[in-house]
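Generate coordinates for the entire structure from the input sequences, incorporating the hints supplied.
If you want the building blocks of each chain, they are given just below.
There are 4 protein chains.
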Amino acid sequence: MTRVGVVGATGYAGAELVRLLSGHPSVDLTILTSRQYGGVPFADIYPAFSGVVELACETFSIDAVCEKADIVFTALPHKLPMGIVPDLVARGKKVIDLSADFRFSDPGAYEAAYTAHTAKDLLGRSVYGLSEVFTDRIAHADVIGNPGCYPTSVLLPLIPLIRAELVIPSTIVADSKSGVSGAGRALSVASLYSEVDESFKAYKVAAHRHEPEMEAILSGIAGADVNITFVPHLLPMNRGMETTIYANLSRDIADEDIFACLAAFYAGRRFIRISETGRPPDTRNVRGTNYCDIGFVVDRDHRRLILMSVIDNLVKGAAGQAVQNMNIMLGLKETAGLDMTPFPV
Amino acid sequence: MTRVGVVGATGYAGAELVRLLSGHPSVDLTILTSRQYGGVPFADIYPAFSGVVELACETFSIDAVCEKADIVFTALPHKLPMGIVPDLVARGKKVIDLSADFRFSDPGAYEAAYTAHTAKDLLGRSVYGLSEVFTDRIAHADVIGNPGCYPTSVLLPLIPLIRAELVIPSTIVADSKSGVSGAGRALSVASLYSEVDESFKAYKVAAHRHEPEMEAILSGIAGADVNITFVPHLLPMNRGMETTIYANLSRDIADEDIFACLAAFYAGRRFIRISETGRPPDTRNVRGTNYCDIGFVVDRDHRRLILMSVIDNLVKGAAGQAVQNMNIMLGLKETAGLDMTPFPV
Amino acid sequence: MTRVGVVGATGYAGAELVRLLSGHPSVDLTILTSRQYGGVPFADIYPAFSGVVELACETFSIDAVCEKADIVFTALPHKLPMGIVPDLVARGKKVIDLSADFRFSDPGAYEAAYTAHTAKDLLGRSVYGLSEVFTDRIAHADVIGNPGCYPTSVLLPLIPLIRAELVIPSTIVADSKSGVSGAGRALSVASLYSEVDESFKAYKVAAHRHEPEMEAILSGIAGADVNITFVPHLLPMNRGMETTIYANLSRDIADEDIFACLAAFYAGRRFIRISETGRPPDTRNVRGTNYCDIGFVVDRDHRRLILMSVIDNLVKGAAGQAVQNMNIMLGLKETAGLDMTPFPV
Amino acid sequence: MTRVGVVGATGYAGAELVRLLSGHPSVDLTILTSRQYGGVPFADIYPAFSGVVELACETFSIDAVCEKADIVFTALPHKLPMGIVPDLVARGKKVIDLSADFRFSDPGAYEAAYTAHTAKDLLGRSVYGLSEVFTDRIAHADVIGNPGCYPTSVLLPLIPLIRAELVIPSTIVADSKSGVSGAGRALSVASLYSEVDESFKAYKVAAHRHEPEMEAILSGIAGADVNITFVPHLLPMNRGMETTIYANLSRDIADEDIFACLAAFYAGRRFIRISETGRPPDTRNVRGTNYCDIGFVVDRDHRRLILMSVIDNLVKGAAGQAVQNMNIMLGLKETAGLDMTPFPV
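Residue numbers (our numbering), protein chains in the order written: chain A, 70 to 414; chain B, 70 to 414; chain C, 70 to 414; chain D, 70 to 414.
Keep in mind that a hint or two might mislead.
[What the hints assert, rightly or not] Below, in silico cross-link-like pairs of lysine-lysine (DSS-like), each with a Cα-Cα straight-line distance of 27 Å or less: (1) C:K189 x C:K148; (2) D:K402 x A:K402; (3) A:K162 x A:K148; (4) C:K273 x C:K148; (5) B:K402 x C:K402.
I should point out that these hints are in silico values taken from the structure, not numbers from a laboratory.
Here is the structure:
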């Protein structure tokens, strides 16, 4: 059994890590830290875990974490992980960071979107944890920059098609819709029930911090600068993210060939489910699970491809993909601890 | 007081007409018909109207309707209105039809999307009831084909910009999201609470019947064939529709000039609210009202305009615009009976 | 036109007052104050009011309020109104306070549930604003303690039956369920969307501050101490409150006589709708309106009466009843500005 | 591996059985039948199961079921199971029936609430499947009448206290609130999204068919006729049921002793979680799981006990308890296949 710890366990992504890791057959969850809830039993904060998780939260201490855990998940707001991940790595720990701090290989790109980077040395060693795409590098990494939820939903359907040069990058538009849990447990008027319920709107139009993250990865795949138009929207629901992507095809290509391109790229990868029939994917079919369901339709009038993907923003978009990356790093079965069946309703 | 009747009063659009007409200062609601509920007090079907609406439903009879009403709203599934509107018109009634039957001037376009048209003669006389755009023709019409909800949300923001040749029509993508009430009160598994709650998905991708309706109107405005890519999605909420439109600008143009184009087109039209600031419109700000709120952002990297509109699909997208059209036809103030303040939450 | 002001206009109850007063035919809304948003246009905070409400918020100043308004609504957290209402009254203003500060005639009862009372002198003059019950006293009052939402939903169905001695007070149990907007716009983890969505639970079981308020009024009606068991629950919805009350009947009594007792008490009062048929009232039939719908069933096995009431917690449970009280104080029609038709869905 | 079949697999309870059984470590799911979807792959009806469940639905045939399965779950509307369970039993199968058909030992009680019973002979052999209460009898049964969701939520908290004679049966009131999935996948206007969303109401007040079921079991426990007042309500959410029970205590008893009574009764039973602190249980803490969380508060003014329980109506209230009963019947660990961790949000 590998010993694992979660730093920042009481936010939503942290708590979701606890859910997944507490049921994982090959790891022992040994330490949970919290800035706010030191000393409080975790199940007092999340009574769902009563009788399931016996640990109490601890205030973060590098010594305690290093003593108790071999692999550390950091689920903190960006900027904080930079301050502790270098120490963890220096002490021989493997780290999977769920913030943006280790997602960019180019510190300039990070700094343009976030803030000054204080651990640039590590950026060369950290690997972008898009599990199905960078599997080999993840297997050998000791620091993972775990992808954002929006980038996961945009990149997974697009990467095979861009690699195959089937779509024209300058025409890509990604229209995403996210459940509210993506905003986390931080207090803000915009996250109040009464502000979200029976409401739908765009936000940070063409200005979301996840856009440079997507563009950096897509440019790497394409071997040239890729710029996309990205508009996130807020859904009146808790978990779930849908992205509809519009892109002009570079040439006439049959539906079967588009399916074949996607299916070949993700062959043998259990968490990617591609619909052959044009049936649009539905967020509820992936809720609580690590699946990414992908569908597509071609609008032949304009030779425009319409790609649709759905994920659970807290699972494949955060904690689930992080555990998948851990599995890859440890040489476990990719699906270990992640093979729950989705709810029918 | 003008006497008005609603044929098909017990569907959601019909019931919304009853709500708006029962509070209208210049009309008397005199007859409600229903295929299912003949003889049943309307307030037994919708107890919200207890103490407000005293009428009982009647089984449809052309004689009863013509005797009791001067203006008739038909809120029936498409195909049924074709069978009765010609008779109503022949007997001197003004008709506002909420189905698709009288929205197309070209019967071929209707027949391609729906079914054989049996009242083609009337198509030349019927007017597309997009209130702010075709006001003068509406004022003199005796048959109105009231617009669909999706077309209303797509056309209102686009028409001024297409008329001013600021956007390139072939690049237009409309990504719409609708509340469930748009599907009406008909029984279907897809409309069950447990199927929709905490769920989000696209449907009828690039294949919705409202697309030809939009294209017919946009082509008329542009003076050339306009084809767009249109993808509707289903929101886990009751009322409200948001459309995000992507289109390449035909030339470099300042944000102020885009605002000016929209503002000039809708000058003096109370129900169109255009945001100058880029703040995305939110469906909850229009719920229960006849407003259409419009916002926009330019993605300068691609010279791509992002337009956003929100309406209440049952009001501006159906019953409210129908009442607005009646007001225009009767020479009343456009806002009569429609000046309710939206809820803050 | 009477000039009215709202002190504390940016909370949910305050904003709902703005909605109702801005559409009221006999008043002019002249001043809105806010502790947080001085100088900000009200429609920037609640864009729903764009084009409807032109006022900007002001930081509270007693002079400004007194200069601009004849009637003042105070919609502040309890304790704050005590500090300003005496001044307003001293300067000849009529005040309708939506907090608990002026709901109790006995300062001890207030202090047991809340905090030290610093304006006890006014308690003798203030009137409990349960509009249909204390109409005459309200008509002559210059300070109204506007009822809480839970008490309104419990008291309206119970008072006629207690007055008629049809139920045994010691057996009364009130099981209430409230939408989240009742918690207001204050930041708290418990009010976050992700904490409430798809969740239902009791809270403050037999310990809610509204219980002494109910008991004080019921005791006054009964002429003897009345203690009830009251359990509030939180509903995953925004507006709406349902209360199911259980009480043993004091004697065998026919359903018709129970209906007659309720109907006689509320004869001529438009906002109280009593169901004769046993059909349980539904919160959606009163949403956005000032109605209180009441239904009942007798469980003959136990001679136990089951009463059900529904209100919109922000309207009849707060701002709507406050406006109704203003109407009564000004000698206007009770329904002025409050005669909106509920939504069918 | 035991071979299991689900008759009626496409309703919500049936699909939930498929979810739980497909992930169960000790059984093979070998046959799914459906009246509507013969020949259709199960994952086409519920795409959530794509890649998880490979079976196609079959039209029911007693021979096929008996050939392929050792244990059969019947998840059909009441009345249908009576027609097939006797045959299954005659052919040596163990049956767990989720309808009401085998819940009553007294056929008269069944017939008063439902319809004529055509398999009365089996009633003497069938066991009421309240897993924690009738464990021993379940272990030796070959027909289980699996409890209804409401009875499960009412009986589990009440039975220990009634057995210990701590509450006065004639004073019991149970106020229950259920998510919509309890109504199943059958088409009805009342189950449409737009009818339920942002709505809350009681239904079948003191007249629900589950009430005789509860009373039969409680009477057996008490050794005397027990009649309760039961009022169900419909919640605007999908899964989850909360019941608040009010009952007068038979004598003064400390909170600790109430806790001890409950804790002793359920000692060692993992799915019953009892709160010692008075913190009310929340439906979201049990969603998707087989837990029943119980809390209580004493209203000392009236010596009235307030018990609260929450379950997932589709799991502990239906499919989960059915699987738990199978585990008991097969001598497996009670929690096999049911040990999923709940979601934190």
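Results for each hint:
{"no.": "1", "hint": "C:K189 x C:K148", "verdict": "holds, 12 Å"}
{"no.": "2", "hint": "D:K402 x A:K402", "verdict": "holds, 26 Å"}
{"no.": "3", "hint": "A:K162 x A:K148", "verdict": "holds, 19 Å"}
{"no.": "4", "hint": "C:K273 x C:K148", "verdict": "holds, 21 Å"}
{"no.": "5", "hint": "B:K402 x C:K402", "verdict": "holds, 26 Å"}
In summary, this structure violates none of the numbered hints.
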